[in-house]
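Novice: Sequence:
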Amino acid sequence: MAQLVTRIDEALALKVDEMILSGVAENRSELVRLGLEQMIDRFERERTGAAIAGAYERLPQSKSESEGLDSATRALVNEEPW
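Just so you know, we're using UniProt numbering here: the sequence shown kicks off at 1 and counts up by one.
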């Protein structure tokens with residue numbers, strides 16, 4: 001496993017320790033790993049979303065592709081047993 005070493009200011013260290021005391025993680029290393037995993041996940045999701053949106057901007061749906069979507073959606077909702 002790779003090891004990363006970093007310096008943080010005292011205020012951030014106190015916040016990290018507060019989170020550990022609250023049970024978010026067992027120790028500083030675990031908390032940093034969790035934070036990095038969440039940050040990477042958010043970055044990848046945003047990048048994927050931007051790619052999808054960009055594809056729709058480059059090649060928008062044609063009128064024929066979007067016709068009837070409202071009625072199809074209504075039909076699906078009406079089929080639900082609620």
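Hints listed in this document are in silico derivations from the structure and should not be mistaken for laboratory results. Possibly wrong hints are sitting among the right ones.
[Stated by the list, open to error] Between beta-carbon pairs, the in silico distance windows are:
#1 S29 <-> V77: 26 to 36 Å
#2 L69 <-> Q38: 26 to 36 Å
#3 R45 <-> M1: 17 to 27 Å
#4 Q61 <-> R28: 47 to 57 Å
#5 G68 <-> D17: 28 to 38 Å
#6 Q3 <-> R45: 42 to 52 Å
#7 Q3 <-> Q38: 25 to 35 Å
Cβ atoms here follow ideal geometry from the backbone N, Cα and C, with glycine treated the same way.
Novice: What are the numbers of the hints that this structure violates, sorted from low to high?
Specialist: Hints 1, 5, 6 and 7 are the ones this structure does not satisfy, whereas the remaining hints hold.
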